[in-house]
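Peer 1: Spelled out, the chains give:
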Amino acid sequence: MMLIPCPHCGPRAQSEFIYERTVDSVVPLDAPSQEAMTKLFTRNNPRGVDDEIWRHTYGCRAWMILTRHRVTNEISGCRAIGPEALL
Amino acid sequence: MSRYSAFSLLRGALTGHRHWQPAWRDPEPKSHYDIIIIGGGGHGLATAYYLAKVHGLKNIAVLEKGWIGGGNTGRNTTIVRSNYRLEPLHNLFEFGLKLWHGLSDELNYNVMFSPRGAMFLGHSDADMVKLAERGDAMRCDGIDADLMTRAEVAKLEPLLDMSRDARFPIQGGLIQRRGGTARHDAVAWGYARGADSLGVDIIQECEVTGFVRDGDAVVGVETTRGRIGAGRVGICVAGHSGHVAGLAGLKLPVESQTLQAMVTEGVKPMINSVIMSQSLHCYISQSDKGGVVFGGDPDNWPSYAQRGHPMVMEGAVAQGLALVPALSRLRMVRTWSGVTDMSFDGAPIIGETPVRNLFLNGGWCYGGFKATPASGWTYAHTLATGKPHALNAPFSLDRFERGATIDETGSGPMPNSR
Ligand SMILES: Cc1cc2nc3c(=O)[nH]c(=O)nc-3n(C[C@H](O)[C@H](O)[C@H](O)COP(=O)(O)OP(=O)(O)OC[C@H]3O[C@@H](n4cnc5c(N)ncnc54)[C@H](O)[C@@H]3O)c2cc1C
Ligand SMILES: [Zn+2]
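Chains as they are written, first to last, in this note's numbering: chain C, 303 to 389; chain G, 4 to 421.
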């Protein structure tokens, strides 16, 4: 289990969080169809570091972006997001 | 290659068993192959076997970064069945199931295929309707499926908690009697031995690290054992599909996740069939050695770590104990995990890619072991002819942009599979 540094609550057990999706898969509302297709159906899926959206569902309930290594699980960043992150 | 038989065993008994030969060679890579398959799991080895056996091709190599069968082939819970509702899925898996039934003879290698029956449990009226619908869809294509009453389920599996106040009450089930389990390692080894005897070079400890391009075509691979030229290259690397395709600049409809499994100490027979519940997500069977094997949901966030998280295991164990309370008396002896390539409709991808001479077989999620023979057979056809086989045509990579997804669970564009 990972220890996730929630920007609001501090380090908390992963079991309090839910993984949503990767940042590269957020489809802007006005995306042209080719871009929407790519974001809906494909992922960078690197065997390395990627940005992911997680939610502290059983805590403060806020959304955040976690920068995590997909092999070592090392978390190198966790930042709060608000509505502006989806722009 | 000498054939395995009762006679060869007897002969060994008289000569101290000193006559056995390695089951496959350990060749140095040549400078060029007509077809290179990346990934020495069951699927890659089966593909090589059928390329040589069915299509008569000679100059083939399988490149494996570790040891053959060390990926998901050697890590799965070995459930073999073809009981899917959608036609393209059940037709592909049924073709495979037919091959499973003759596989030990075909390979002269005991893959310990054991058609003990694969049973889905129904926990509600809605479940029973769904199971009946699935069974009907299968029977329309000539695949066996029998709806079971509560009493029939209880008779087949006396240790299930059938009480009315069970945590997950059981109303009935759907069984595919021709489904069952097989020995995973033996499948890799059997295909490897068969392919090797037909001239295929199986090269272990050889990781593909890049592609050699000539314009829009792939003409070879870079590996940890040097550059190797190729006419056609077939990716067959399961959880690493996204990574390897990325080396050719492709972005796939795949997300890699961890799937765990576990096994208890060996006991006398207590589970007769393969018990599965898709409303929960839990599957339980007993190996021929006596260990109760079970698994649950993937750790459903992206990972290539090949090790799982206890909280997910806890969920699977809780479901298993609720279904079969007697399991609580057993000690868990081993847990492990594999990297699965979860596709965006839960169905596999087999066919050509936008890069000329580069082909892809992946996206098997956590259900590809059962498909090993069918996957190899159809992928061999595609690699030999450059064209889809009738059974893998629906599983082309471009189906997502064409809106022709094969979404068994109807759950939309998420890395998903049931
Ligand atoms: C815990 C678990 C339980 C499962 N249970 C079931 C089940 O009950 N029934 C079922 O049908 N399916 C099940 N599956 C799924 C099944 O195991 C897989 O779909 C199937 O085995 C995939 O076979 P494969 O040959 O494609 O992959 P693998 O056996 O993983 O082979 C791929 C190979 O490619 C190699 N490779 C990767 N990258 C490179 C590279 N760059 N160069 C060279 N080689 C490379 C790897 O080392 C690996 O050996 C389960 C999976 C897991 C993890
Ligand atoms: Zn928080």
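Misleading hints may appear alongside valid ones.
Below, computed lysine-lysine pairings styled on DSS-like, alpha-carbon distance capped at 30 Å [what the hints assert, rightly or not]:
{"id": "1", "chain 1": "C", "residue 1": "K341", "chain 2": "G", "residue 2": "K254"}
{"id": "2", "chain 1": "G", "residue 1": "K254", "chain 2": "G", "residue 2": "K271"}
{"id": "3", "chain 1": "G", "residue 1": "K101", "chain 2": "G", "residue 2": "K292"}
{"id": "4", "chain 1": "G", "residue 1": "K254", "chain 2": "G", "residue 2": "K390"}
{"id": "5", "chain 1": "C", "residue 1": "K341", "chain 2": "G", "residue 2": "K390"}
{"id": "6", "chain 1": "G", "residue 1": "K292", "chain 2": "G", "residue 2": "K254"}
Please keep in mind that the hints were generated in silico from the structure rather than gathered at the bench.
Peer 1: Would you mind marking each hint as holding or not holding in the structure?
Peer 2: Structure-based check of all given hints:
no.: 1; hint: C/K341 / G/K254; in the structure: holds, 10 Å
no.: 2; hint: G/K254 / G/K271; in the structure: violated, 48 Å
no.: 3; hint: G/K101 / G/K292; in the structure: holds, 25 Å
no.: 4; hint: G/K254 / G/K390; in the structure: holds, 22 Å
no.: 5; hint: C/K341 / G/K390; in the structure: holds, 28 Å
no.: 6; hint: G/K292 / G/K254; in the structure: violated, 42 Å
When the structure is compared with the earlier hints, violations turn up for hints 2 and 6 and for no others.
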